[in-house]
Amino acid sequence: MGMYNETVMDHFTNPRNAGEMENPDAVGSYGSPVCGDMMEISLKIEDNVIKDAKFRTFGCGSAIASSSVATDMIKGKTLEEALALTNKDFVAELGGLPGAKVHCSVLSEQAIKLAIYNYAKENNLDLPGLEGFDPDAEFDHDHE
Amino acid sequence: MRSVYLDYSATTPVKNQVLAEMLPYFNEKFGNPSSLYGLAFTSKDGITLARARVAHLIGALDTEVYFTSGGTEADNWAVIGAARAKKEKGNHIITSKIEHHALLHSCEFLEKEGFEVTYLDVDEKGAVSVADLEKAIRKETILVSIMLANNEVGTIQPIKEIAAITKARGILLHSDAVQALGNVPIDVNELGVDMLSLSSHKIYGPKGIGALYIRKGVMISNILFGGGQESKKRAGTENLPGIIGFGKAAELAEQNLAEHIETLTTLRNYFIGQIKEKIDGVTLNGDPDKRLPGNANLTFDYVEGEAVLLYLDIKGISISTGSACSSASFSPSHVLTAMGIPIEKVYSSLRFTIGDFTTKEDLDYVVETLVEVIAKYRALSPFGKENQMKSAQSCACQGYECTGCDCVKKG
Ligand SMILES: Cc1ncc(COP(=O)(O)O)c(C=O)c1O
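Protein chains in written order, with our numbering: chain W, 295 to 438; chain V, 111 to 521.
Each hint should be verified, as a subset may be incorrect.
Short derived list, chain V residues pointing at chain W, Cβ under 7 Å [what the hints assert, rightly or not]:
no., residue
1, F140
2, P268
3, E271
4, E416
5, A417
6, L420
7, S428
8, I453
9, E454
10, Y457
11, L490
Quick list of in silico lysine to aspartate or glutamate cross-link-like pairs, EDC-like style, CA-CA up to 20 Å [stated by the list, open to error]:
no., chain 1, residue 1, chain 2, residue 2
12, W, K369, W, D430
13, V, K486, W, E314
14, V, K425, W, E300
15, V, K425, W, D304
16, V, K486, W, D304
17, W, K345, W, E375
Hints listed in this document are in silico derivations from the structure and should not be mistaken for laboratory results.
All C-beta atoms, glycine included, are put in the ideal place defined by N, C-alpha and C.
Construct all of the structure, not just a fragment, from the sequences and the given hints.
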């Protein structure tokens with residue numbers, strides 16, 4: 295019928311973890327309005343575990359649904375576990391996205407990595423999962 | 111749930127009277143108009159009447175109207191046919207950046223054949239400047255093609271003023287009137303055009319049928335080859351029911367024109383007024399006055415258009431982001447971009463187009479729903495007055511063509 299499956303539509307119409315957070319331990323924002331999508335994420339972190347996550351996203355239905363599902367998936371995970379998640383995991387959890395929309399899930403992956411990167415830098419943490427992560431780098435992702 | 115269609119610029123439903131006239135031509139009066147028996151003459155008579163009705167709507171002679179498979183073919187034929195017919199005279203064509211892709215892609219094709227094309231800019235209201243156009247004319251200029259009204263923002267172009275210039279210079283003038291037909295009064299002689307593209311499905315007729323008006327005495331090359339239909343100018347057995355339907359739709363459009371314009375303009379202004387009153391951060395794109403009666407193209411700051419479209423769809427409301435075509439080709443509107451609208455606002459723009467079956471109650475429902483959806487997704491947006499975003503970093507499209515929420519592999 296529509297362009298998205300029921301899971302995607304559910305996350306789009308009832309996004310989980312939407313909004314701002316008071317005194318977050320880590321924040322990351324990725325994308326730009328010029329590109330048509332942008333995600334901002336804030337995390338509460340205790341003992342290396344993500345206790346809470348909130349997001350705000352400017353973007354189409356799949357960008358919002360990916361943000362919702364990604365924030366849900368990282369809650370309760372250790373930083374290392376969260377860093378191991380990729381956009382493919384978010385797409386799988388959503389039960390798939392149309393080809394041209396898969397990139398929207400990359401937005402969530404990058405925003406999460408960026409938030410953890412900022413956190414690690416501030417707290418002088420050495421996280422193996424961040425090796426090679428450069429917030430400004432051209433990254434080459436498999437969009438399939 | 112209420113169902114509200116506000117995408118009349120994409121296409122319109124076929125009116126009952128139109129459908130009723132078409133039906134016998136599928137299975138009773140089905141004869142091939144080129145054959146030589148009674149059944150065939152019935153078909154031929156049907157086409158003659160339809161042609162007269164379409165011609166009358168635009169003030170043309172019956173013999174100046176050639177049926178095509180739609181607006182796209184009419185645009186292709188006009189530009190490619192005229193360019194090839196005039197290539198001894200010159201190789202330069204002038205058009206605008208806000209034309210329909212049927213026109214722009216025909217021009218790009220001609221560029222590959224060695225023609226040179228100037229794509230004129232438009233002002234912030236989406237209008238072509240007559241002075242710019244005059245400056246762009248060279249001695250090699252053989253054709254000017256500027257649409258009568260734009261499909262995305264509805265801006266009506268100064269065709270009459272342009273015609274005064276092209277006529278004085280002996281340059282052919284084509285105009286795509288697909289959106290204007292049935293929505294603004296059209297008289298080909300008053301406008302001074304040499305060719306005019308028309309389409310049936312925007313005026314409550316069937317899809318897949320349109321026409322090209324070619325002024326008597328203007329010779330352009332054929333682009334379809336085969337039988338001698340349409341006075342040997344457009345080969346192929348006629349789309350008989352389509353032509354009959356287009357003719358009836360044209361007749362109705364002419365009868366209803368004044369009332370149609372008045373009703374739609376009133377409804378449209380009411381709609382825009384209600385939205386602006388109830389939602390802040392809304393801008394009307396295009397020209398407030400010189401615009402198609404049913405068109406409201408609006409920017410809702412800080413929310414992404416496709417997300418709003420998707421939510422409205424759940425609520426039974428059908429609208430469009432850019433044109434129907436651009437939403438399938440995943441790129442930000444070339445029209446809004448050409449008008450100088452900042453790209454982030456282009457992504458926040460929506461097109462609502464009102465038509466003959468739209469009621470005030472429909473519009474009230476849409477406004478009410480919009481209030482809800484805009485608030486919902488603005489609350490989710492990292493942009494906004496209180497939500498001043500931290501400076502944005504990189505685009506997740508890196509390595510890909512950046513086209514909003516959709517990414518296309520480069521190259
Ligand atoms: C301005 C304009 N020109 C051309 C066309 C193409 O017409 P058709 O759909 O009949 O091929 C359209 C409609 O999509 C249009 O809006």
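Tested hints:
The criterion of a C-beta within 7 Å of any C-beta in chain W is not met by F140 of chain V, whose closest approach is roughly 35 Å, and the hint is violated. A hinted interface residue such as P268 of chain V counts as satisfied when its beta carbon comes closer than 7 Å to some beta carbon of chain W; here the least separation is about 33 Å, so the hint is violated. Annotation: E271 of chain V was flagged as interfacial toward chain W, and the flag is violated, the nearest CB pair being 36 Å apart, outside 7 Å. The closest approach between the C-beta of E416 of chain V and any C-beta of chain W is roughly 4 Å, which is under the 7 Å cut-off, so the hint is satisfied.
Interface restraint check: A417 of chain V against chain W, minimum CB-CB distance 5 Å, threshold 7 Å, status holds. With a least beta-carbon distance of about 4 Å to chain W, the hint placing L420 of chain V at the interface is held under the 7 Å criterion. At a threshold of 7 Å, the smallest CB-CB gap from S428 of chain V to chain W is about 12 Å, leaving the interface hint violated. Using the Cβ-Cβ criterion of 7 Å, the hint placing I453 of chain V at the interface with chain W is satisfied: the shortest such distance is roughly 5 Å.
At a threshold of 7 Å, the smallest CB-CB gap from E454 of chain V to chain W is about 4 Å, leaving the interface hint in force. A hinted interface residue such as Y457 of chain V counts as satisfied when its beta carbon comes closer than 7 Å to some beta carbon of chain W; here the least separation is about 4 Å, so the hint holds. Proximity of L490 of chain V to chain W holds as hinted, the smallest CB-CB distance being about 5 Å (cut-off 7 Å). Of the supplied pair hints, the one linking K369 of chain W and D430 of chain W is violated, its CA atoms being roughly 26 Å apart against a limit of 20 Å.
The suggested pairing of K486 of chain V with E314 of chain W holds, with an alpha-carbon distance near 14 Å, which does not exceed 20 Å. For a cut-off of 20 Å, the pair hint linking K425 of chain V to E300 of chain W stands: about 15 Å separates their Cα positions. Restraint check for K425 of chain V and D304 of chain W: the C-alpha separation of about 14 Å stays at or below 20 Å, so the hint holds. Straight-line distance between C-alpha atoms of K486 of chain V and D304 of chain W comes to about 15 Å, which keeps the hinted pair within the 20 Å bound.
Simply put, K345 of chain W and E375 of chain W have alpha-carbon atoms about 13 Å apart, close enough for the 20 Å limit, and the pair holds.
Consistency with the previously given hints fails for numbers 1, 2, 3, 7 and 12, ordered from lowest to highest.
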